[in-house]
Amino acid sequence: MISAIPLLTALAMTIACIAWFTLLLPVNSLPHAGRVLVIVVIALLVILPFADYPGWYYVRAISGDSAVTALLFYIAVILQQHLSWQLYRDNELVLLRWLVLATAILLYPLSLGLTQFDSYILGYSNPWLLVVLFIITLFFWFRQYYFLAVMVTVAVVAYSLQLLESRNLWDYLIDPLFIVMVMLTWLRPSLSRRFAR
Amino acid sequence: MTAIRFGVLLVMISGFTLALSTLPATRESAFIIPEYRATGQGNDPVLEAAFISESLTTEVHSATAVELNNGDIRVFWYGGTREGSKDSSIYSRVLNRVDNSWSDIQEVMTRQLAIRDTRRYIRKLGNPVAVVKGNELWLFFVSASPGGWATSSVNLSVSTDSGYTWGPVRRLISSPFLNISTLVRDAPLAVGNGDVILPAYHELIGKFAELLQLDSAGNVTRKYRISHGREAIQPVLLPVDPNNAIVFMRNTSAAHPGKIWFSRSEDSLSDWAGLDPLTLPNPDAAVTVVQLHAEDELLMVFNNHARERDDISMAYRSDSGAAWQLIHQFETRAGSEKEHNPFSYPFLLHTRDGDFHLFYTWKKQHIKHVYFNRAALLEMRAAAGPGS
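Protein chains in written order, with my numbering: chain A, 26 to 222; chain B, 14 to 401.
Chain A extracted, bound-state conformation (with noise of 0.2 Å):
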């Protein structure tokens, strides 16, 4: 993720390794040990070499480097499933399931070409959409969404910051893995129902 830090990125892949699975795999039926079992292995699998070089450079390699709003997702995920940490509420989850498939609309067929607008050089040095998003921000705090805040935030922080390789601010925001595993917990029940408890 850090371009600078190679220990950062591997601990990043690792924790989005680890929420991709737990939230893929039915983990939460398994006793307390087993999950820390579970997360182990998926450790050292991602952190281990094969063929030369450690797993997570072939994740990287397909999967690229996650959003900082996906990664802050991913650690809520972990923490609530295992640590029973309730980082958000029911509703910021249904809120962002909205705002990351009407993002995801409007980013990606764009960006891939399908007209001659490409939504995705909005977010090259563009001061109209922080303003955009520090309006959804209040709108988030007023709410009292205060997970959804500070998710926000942190990544145009981290765009400040330009602790990614890309100084394009979606990339930062969002990547193509952070929707499939937010839209998973609404297509499967069962996923959704570990959030609610």
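Just so you know, the hints here were simulated from the structure itself, not pulled from any lab data.
Hints may be right or wrong, so weigh each one.
To give a feel for the contact side, a few chain B residues facing chain A, derived at Cβ under 7 Å [claimed, not checked]:
#1 Val21
#2 Leu23
#3 Val24
#4 Leu33
#5 Leu36
#6 Pro37
#7 Pro159
#8 Pro189
#9 Leu191
#10 Phe221
Pairwise CB distance ranges (calculated) [claimed, not checked]:
#11 B/Pro181 <-> A/Phe142: 29 to 39 Å
#12 A/Val65 <-> B/Ser27: 34 to 44 Å
#13 B/Ala319 <-> A/Pro51: 48 to 58 Å
#14 A/Pro56 <-> B/Gly160: 37 to 47 Å
#15 A/Leu33 <-> B/Asp254: 41 to 51 Å
#16 A/Leu108 <-> B/Asn206: 44 to 54 Å
#17 A/Asn53 <-> B/Ala319: 56 to 66 Å
#18 B/Ala38 <-> A/Asn53: 42 to 52 Å
One-sided and incomplete, this derived list gives chain A residues near chain B with beta-carbon spacing under 8 Å [claimed, not checked]:
#19 Thr34
#20 Tyr82
#21 Tyr184
Ideal placement from N, C-alpha and C gives every residue a C-beta, glycine not left out.
Dock chain B against the given chain A, drawing on the hints supplied.
Leaving out everything else, chain B in the frame of chain A:
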């Protein structure tokens, strides 16, 4: 609860204030119009050809070249057991313009180096392009991890000794969709503010041309879309004034195939006219174009066929209102040959002293170099007849 509420608000205001105050200014780019001497080397026509890749690898492809500050020419290509094989690397050698001798071939970039520096697994390398920026030589190349070339990303390495040693490889981030499917094929341009404009294209889902603007640190800071849909890739970028450029593109269209695409910017690189087909054919293949002594006096090397890459031909256009005229054919496939698409990926370099160096893929086995001077070009035009 109130403390949390106002704490979050404070964090929000601080964070967004920081972001707005550190937002990089939009960098306006202005093209530098190149100047060429009208004479070239010698008054006698010279046309020479040679293979330069020396069978170091079984297959070679996609040669490009750059004129160094001392006038020497550094050529790059990629090669391996076959196109896209794991042993593919980027190779390079230098043509000394004083004694017209070639240096030994250097393996300037390997898959292992790129994996180590980008901290991503990479399956294959390809399509090197380079630009001289002050005392630095910037080398861009594509790499793919899963899938084919359509899933490529662009990488950058910088040399401060004209290409004998190279700095760490960095990955350019140019797409929000897993950062896949950005490729390069033709020459970047260094612009007046120290930035680089890199012609690029997408091949996954959409097939379209675009320009990436990179700051002096090599970060992509802006993009410009030239086309959309699935029509055109591999743009060749030529500046016509400080703010505008023209591009020629490979035709990938299913609806309108067979002709080289052309477009021009309208007032800035953010606005492009629609795609316009030339009269010249295009078999879904790369073309190369250079400017002569006026911005709209052009020389193009291309495959002169609508379906096959059976030849390497050259056409000349005297100005924007004139028709293209075929003036020379460097290669043509003999009727008995069974090789499919034997000649491809031409790259033409117009050196500051007015000479021309053409590189292209010869049956995937060799990179062929053709040198011709200004006098030879005039002779080709004269032989082609009036209008050229």
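- Item | Hint check against the structure, violated hint numbers in rising order | Hint 2 is the one this structure does not satisfy, whereas the remaining hints hold.
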